[in-house]
Amino acid sequence: MSKLIETAELAKQDATYLQALKELLFQLADDDLLIAFRGSEWLGLAPHVEEDVAYSSITQNTMGHAAMYYNLLEELGAGEADILAHGRKPEERRNGIYLEKRNGEGTYLDEPYYDWALAVVRNYFYETFKKIKLEAIATSSYKPLANVARKVLMEHPYHLAHWKLWMKQLGSSSEEAKKRIQDRINEAWAEFADVLELGSLANDMRSLNLVMIGEEEMKDKWLEEIQSVLVEIPVGPLGKKYGSGRNGEHTMDLEQALNTLAEVYNSDKTAAW
Amino acid sequence: MYNYVEDGDSKTTAYVEHDQAKYDAFMARIEAGDKIEADDWMPEDYRQALIKLISMHGISEIMGALPEKEWVPKAPTLRRKLGIMAKVQDEMGHGQLLLRVAEDLMKPYGKTRENLMEDLLNKDLKFHNVFHMPTKTWADAGMVGWLVDGAAIISQTNMLDASYGPYQRALQRICQEEVFHAQHGESIIMALAEGNDYQRDILQESLNRWWPSLLMFFGPASAETTGSSKQDIMIKYKIRKSTNEELRQAFLSKYMPRVFSLGLTVPDETIHYDENEEKWIYKQPDWEEFKQIIRGNGPRSKERLRIREIAYENNRWVRQALATEPVGV
Amino acid sequence: MAKESDFYQVYEVFSRRGSKAPMQHQFSLLAPNREMAMMMAQENFMRREEVIDVWVVKQNDIRKMTSEERQSMTNRLDNKQYRTTKGYGYLRQKWKEKEQGMLDEKEIMSWKEVKKK
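Top to bottom, those sequences are chains A, B and C. Last residue of the first sequence? That's 264 in my numbering, and every number before it is there in order. Last residue of the second sequence? That's 341 in my numbering, and every number before it is there in order. Last residue of the third sequence? That's 123 in my numbering, and every number before it is there in order.
Pulled out of the complex, with its shape left as it was, chain A reads as follows:
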């Protein structure tokens, strides 16, 4: 099937297509939800006030993107967007594991020893990847998804520029800053690989033209872009130390995230909030 699928109803008629599409949407939605959740924990704690405000806009945009993907899933019969965001178990989540990682030591409520170097490296790595993936789906065979991707791409350049500037600022500054950034880059290198993957249905996604380039090409593009900014590239290949979130493998950090983000939701699932 290489023709354009215009509506959810049409997508639902082909089981293979529907499954690959839903899988892709869960990746997109869960990635954005988790990194935005981590961003929302940072609110009020950034290095200075002006940055706090700017970062929160990026976080809101990103959570807004997640909501758009969950809405596409709702149209496809996967369930209500809010339940998909708040009610799914860890093993049903498809986000890359690195995106669920805690912001540092402590929690946002108690002793929040959050690490700005992690925030900068993670967001820069993720936003660089997000651009590549969005471009790969901007002409997707599923028209509603292509439309969303093109919209998201409109506000994405600010996100990437913001984190790229922070990388450049900290990467060329004090010895301490350089070391903190490099340590987080090395750490990310061992954990980031599953973010760049499309999971077990990668072949279907590509052959059905849900994505217009495959995961290998995405990874190459990502490496090329990252290498143009990083002062020092870690030796060795990218790793996925904790497994692949694309297959539903996750860490305790995701459980903490889900317990927090769904605390009120879980307190009364029948309530309209």
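Any given hint might turn out to be false.
[As the list claims (entries may be wrong)] Capping the alpha-carbon separation at 30 angstroms, the derived lysine-lysine pairs in DSS-like fashion look like this:
no.: 1; chain 1: A; residue 1: Lys13; chain 2: A; residue 2: Lys232
no.: 2; chain 1: B; residue 1: Lys123; chain 2: C; residue 2: Lys70
no.: 3; chain 1: A; residue 1: Lys142; chain 2: C; residue 2: Lys26
no.: 4; chain 1: B; residue 1: Lys64; chain 2: C; residue 2: Lys9
no.: 5; chain 1: B; residue 1: Lys34; chain 2: B; residue 2: Lys119
no.: 6; chain 1: B; residue 1: Lys64; chain 2: C; residue 2: Lys64
no.: 7; chain 1: B; residue 1: Lys248; chain 2: B; residue 2: Lys34
no.: 8; chain 1: C; residue 1: Lys100; chain 2: C; residue 2: Lys26
no.: 9; chain 1: B; residue 1: Lys47; chain 2: C; residue 2: Lys112
no.: 10; chain 1: C; residue 1: Lys112; chain 2: B; residue 2: Lys250
no.: 11; chain 1: C; residue 1: Lys70; chain 2: B; residue 2: Lys64
no.: 12; chain 1: C; residue 1: Lys9; chain 2: B; residue 2: Lys119
no.: 13; chain 1: B; residue 1: Lys148; chain 2: A; residue 2: Lys260
no.: 14; chain 1: C; residue 1: Lys70; chain 2: A; residue 2: Lys169
no.: 15; chain 1: B; residue 1: Lys135; chain 2: C; residue 2: Lys112
no.: 16; chain 1: A; residue 1: Lys170; chain 2: C; residue 2: Lys9
no.: 17; chain 1: B; residue 1: Lys148; chain 2: A; residue 2: Lys80
no.: 18; chain 1: C; residue 1: Lys64; chain 2: B; residue 2: Lys47
no.: 19; chain 1: C; residue 1: Lys86; chain 2: C; residue 2: Lys64
no.: 20; chain 1: A; residue 1: Lys169; chain 2: C; residue 2: Lys104
no.: 21; chain 1: B; residue 1: Lys314; chain 2: C; residue 2: Lys9
no.: 22; chain 1: B; residue 1: Lys119; chain 2: C; residue 2: Lys86
no.: 23; chain 1: A; residue 1: Lys(-6); chain 2: A; residue 2: Lys122
no.: 24; chain 1: B; residue 1: Lys266; chain 2: B; residue 2: Lys295
no.: 25; chain 1: B; residue 1: Lys123; chain 2: C; residue 2: Lys86
no.: 26; chain 1: B; residue 1: Lys47; chain 2: C; residue 2: Lys70
no.: 27; chain 1: C; residue 1: Lys123; chain 2: B; residue 2: Lys34
no.: 28; chain 1: C; residue 1: Lys64; chain 2: B; residue 2: Lys123
no.: 29; chain 1: B; residue 1: Lys119; chain 2: C; residue 2: Lys70
no.: 30; chain 1: A; residue 1: Lys159; chain 2: C; residue 2: Lys104
no.: 31; chain 1: A; residue 1: Lys3; chain 2: A; residue 2: Lys159
no.: 32; chain 1: B; residue 1: Lys148; chain 2: B; residue 2: Lys123
no.: 33; chain 1: C; residue 1: Lys9; chain 2: A; residue 2: Lys159
no.: 34; chain 1: B; residue 1: Lys253; chain 2: B; residue 2: Lys123
[Stated by the list, open to error] Some chain A residues well away from chain C (every beta-carbon gap over 10 angstroms; in silico):
no.: 35; residue: Lys(-6)
no.: 36; residue: Ala6
no.: 37; residue: Glu14
no.: 38; residue: Ala45
no.: 39; residue: Gly70
no.: 40; residue: His153
Because the hints were derived from the structure by calculation, they are not lab data. For every residue, glycine included, the Cβ atom is placed at its ideal position computed from N, Cα and C.
Given the coordinates of chain A, assemble chains B and C onto it according to the supplied hints.
Just chains B and C, lined up with the frame of chain A:
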């Protein structure tokens, strides 16, 4: 969100000799409704009252983000998550605007934002009583947005004609955003009030808990209550128009009918509007407790300051790394 | 350790809403350099506004009127009608007598389009 409060033990201001002719010209401008700018001559007590008012206002915004922020990652739906995030972001933004205004006023003393943060952490710079209080349920997120912000809107709009131009301009921006805040709070409250038993219970419980803090919000009615009040100087210099009690009365008039219309009660069986006296009669909150709270001995004062301190100290390396220009931009 | 006040600078932020609108002053922020100032500007002051352009200017680079200048150099006598259309209002009656309309601001600003041949 803000109100100017006094705990009764403010440091005495050294008397500063001033030029009578300049003072008279200044007062003539104040009387004529002119706006004073940062680099205009101003009497010391005007400058100091403004610094105290605006730095406390700014820091209260930043400290005020913390209790609501407790519910940002936890908000129950995607829409609520986005709404409360935008709202708390605005509070940080208000802090930014106000700190900038305070910084320009402090310039002659060589003081900067760094000093304000240090003053806060040393408890020399106080923040508003409501932000020393705990939040326990999602209903508190609504209560802060609805009634605490409602009280803040009453006190902030009262200063929209303030004689100090930069403050007036900051307040203009702030009050415009408060309109969104008010509706954001109402929206959370409305869902709870029209929700199930559990939701109505947490809503009523939240209001009961916040009630004394809401009355305290505007500060004591007179200096006698806590020993000191800067109300007079604020009115003399046309920084604000009304007294603490006038503002509290305005708040009760605007909000009590709405509270009752939702089927809610307040923990004061005596409260009523006296038609003859044309004012609300209510039980006084414990002003001794108020003094303790704003001195930093409130239920959550220590924890909130600790979070602010960690965020400030733990990110010092980042700010230090900003001393150099970024390379390759 | 460097004092933060030594490298944080005040930047004034300006923005334009649309192509016909003037650059408008918004507010000021603290930033260590102009790239950072630019990156903060839009989200700090124009979160709910249309923006098509943003400027950041280091406050120290602006020659502002002094307090005295604001009070002594901004006053003007109200005798400059010859500079404005107000001083030529009598023409309306004159043209009317000649059965012609007045070419006022509204009329002239409407001349964006002329008839194509």
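Evaluation of the provided hints:
1. A:Lys13 to A:Lys232: 26 angstroms, holds
2. B:Lys123 to C:Lys70: With Cα atoms ~22 angstroms apart, Lys123 (chain B) and Lys70 (chain C) stay inside 30 angstroms; holds.
3. A:Lys142 to C:Lys26: Holds, at about 26 angstroms.
4. B:Lys64 to C:Lys9: 23 angstroms, holds
5. B:Lys34 to B:Lys119: 20 angstroms, holds
6. B:Lys64 to C:Lys64: 27 angstroms, holds
7. B:Lys248 to B:Lys34: With Cα atoms ~17 angstroms apart, Lys248 (chain B) and Lys34 (chain B) stay inside 30 angstroms; holds.
8. C:Lys100 to C:Lys26: With a Cα-Cα distance of about 34 angstroms, the restraint between Lys100 (chain C) and Lys26 (chain C) is violated, given a limit of 30 angstroms.
9. B:Lys47 to C:Lys112: Since the Cα atoms of Lys47 (chain B) and Lys112 (chain C) sit roughly 35 angstroms apart, the hinted pair is violated (cutoff 30 angstroms).
10. C:Lys112 to B:Lys250: Violated. Lys112 (chain C) to Lys250 (chain B) sits at ~42 angstroms, over the 30 angstroms cutoff.
11. C:Lys70 to B:Lys64: 27 angstroms, holds
12. C:Lys9 to B:Lys119: Roughly 15 angstroms between the alpha carbons, so the hint for Lys9 (chain C) and Lys119 (chain B) holds.
13. B:Lys148 to A:Lys260: Holds. Lys148 (chain B) to Lys260 (chain A) sits at ~19 angstroms (cutoff 30 angstroms).
14. C:Lys70 to A:Lys169: At roughly 39 angstroms apart (the allowed maximum being 30 angstroms), Lys169 (chain A) and Lys70 (chain C) break the hint.
15. B:Lys135 to C:Lys112: At roughly 61 angstroms apart (the allowed maximum being 30 angstroms), Lys112 (chain C) and Lys135 (chain B) break the hint.
16. A:Lys170 to C:Lys9: Roughly 22 angstroms between the alpha carbons, so the hint for Lys170 (chain A) and Lys9 (chain C) holds.
17. B:Lys148 to A:Lys80: 26 angstroms, holds
18. C:Lys64 to B:Lys47: 24 angstroms, holds
19. C:Lys86 to C:Lys64: 36 angstroms, violated
20. A:Lys169 to C:Lys104: Violated. Lys169 (chain A) to Lys104 (chain C) sits at ~81 angstroms, over the 30 angstroms cutoff.
21. B:Lys314 to C:Lys9: 27 angstroms, holds
22. B:Lys119 to C:Lys86: 40 angstroms, violated
23. A:Lys(-6) to A:Lys122: 24 angstroms, holds
24. B:Lys266 to B:Lys295: 18 angstroms, holds
25. B:Lys123 to C:Lys86: Violated. Lys123 (chain B) to Lys86 (chain C) sits at ~46 angstroms, over the 30 angstroms cutoff.
26. B:Lys47 to C:Lys70: Roughly 17 angstroms between the alpha carbons, so the hint for Lys47 (chain B) and Lys70 (chain C) holds.
27. C:Lys123 to B:Lys34: Violated: Lys123 (chain C) and Lys34 (chain B) sit about 68 angstroms apart, past 30 angstroms.
28. C:Lys64 to B:Lys123: With a Cα-Cα distance of about 19 angstroms, the restraint between Lys64 (chain C) and Lys123 (chain B) holds, given a limit of 30 angstroms.
29. B:Lys119 to C:Lys70: 17 angstroms, holds
30. A:Lys159 to C:Lys104: Given pair Lys159 (chain A), Lys104 (chain C) is violated - Cα atoms ~71 angstroms apart, limit 30 angstroms.
31. A:Lys3 to A:Lys159: Not satisfied, since the Cα-Cα distance of roughly 46 angstroms exceeds 30 angstroms.
32. B:Lys148 to B:Lys123: 37 angstroms, violated
33. C:Lys9 to A:Lys159: 22 angstroms, holds
34. B:Lys253 to B:Lys123: OK: Lys253 (chain B) and Lys123 (chain B) at ~29 angstroms, within 30 angstroms.
35. Lys(-6): 38 angstroms, holds
36. Ala6: Correct as stated: the minimum Cβ-Cβ distance to chain C is 44 angstroms, above 10 angstroms.
37. Glu14: 34 angstroms, holds
38. Ala45: Check fails; 4 angstroms does not lie beyond 10 angstroms.
39. Gly70: 32 angstroms, holds
40. His153: Incorrect as stated: the minimum Cβ-Cβ distance to chain C is 6 angstroms, not above 10 angstroms.
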